[in-house]
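Trainee: Residues per chain, in single letters:
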Amino acid sequence: AQRVTQPEKLLSVFKGAPVELKCNYSYSGSPELFWYVQYSRQRLQLLLRHISRESIKGFTADLNKGETSFHLKKPFAQEEDSAMYYCALLLSSGGSYIPTFGRGTSLIVHP
Amino acid sequence: EAGVAQSPRYKIIEKRQSVAFWCNPISGHATLYWYQQILGQGPKLLIQFQNNGVVDDSQLPKDRFSAERLKGVDSTLKIQPAKLEDSAVYLCASSREYSTGELFFGEGSRLTVL
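Just so you know, the sequences run in chain order A and B.
Per my numbering: the first sequence = residues 1 to 111.
Per my numbering: the second sequence = residues 1001 to 1114.
Quick caveat, the hints were computed from the structure, so don't treat them as lab data.
Treat the hints with caution; some may be incorrect.
Result set (DSS-like, lysine-lysine): computed pairs, CA atoms no more than 25 Å apart in a straight line [unchecked claim]:
hint, chain 1, residue 1, chain 2, residue 2
1, A, Lys65, A, Lys15
2, B, Lys1062, B, Lys1011
3, A, Lys9, B, Lys1044
4, A, Lys22, A, Lys65
5, A, Lys22, B, Lys1044
6, B, Lys1062, B, Lys1083
Using the sequences and the hints, build the whole thing.
Mentor: This is the structure:
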């Protein structure tokens, strides 16, 4: 089955510590992957996409096809990074494109 | 630009009753999605529209759920009759085209079925 796996439900770190949110995928085609974020009382929004290879709010994510992973990293966590993070895969099937989400990881950054 | 609008924000109903949710996507966005998010899980796609045509509805429980997007703009998702397991947040999202994974989400409609 084609899917997205986020193994950690919760990740708790202290301010200034490095953060790595894990995402693994299972997909037979060429993957397009995304990270979405939902801050408290805000709507779900796009954080970054692997195609753009950019850093947003200090976060980066590298697609590793050998390990089928797309982990989200930040060298120094800030309290304002506390949020729910969802990894998403754009499945291509029969001419349609289906955005498929993982279950999410809750990141808590302590002061 | 105005974001994706959804209503109602909250709804509480008894099981076997019916409920409808409304979504107005961002102007000019051709693709509209309805996701179901049960507590502790990620969003699960129910149905995807491209303009007013259905692209994918493979995970929509068609015996009780229905959705339409008349005129390719607003959309309505209906549940009739509701079950306890339908308690969830119903998220509407839109995107400029169907081949992009860049979705813009609404605030969601939280349904509680008693």
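Trainee: Tell me the hint numbers this structure goes against, listed in increasing order.
Mentor: Structure breaks hint 1 only.
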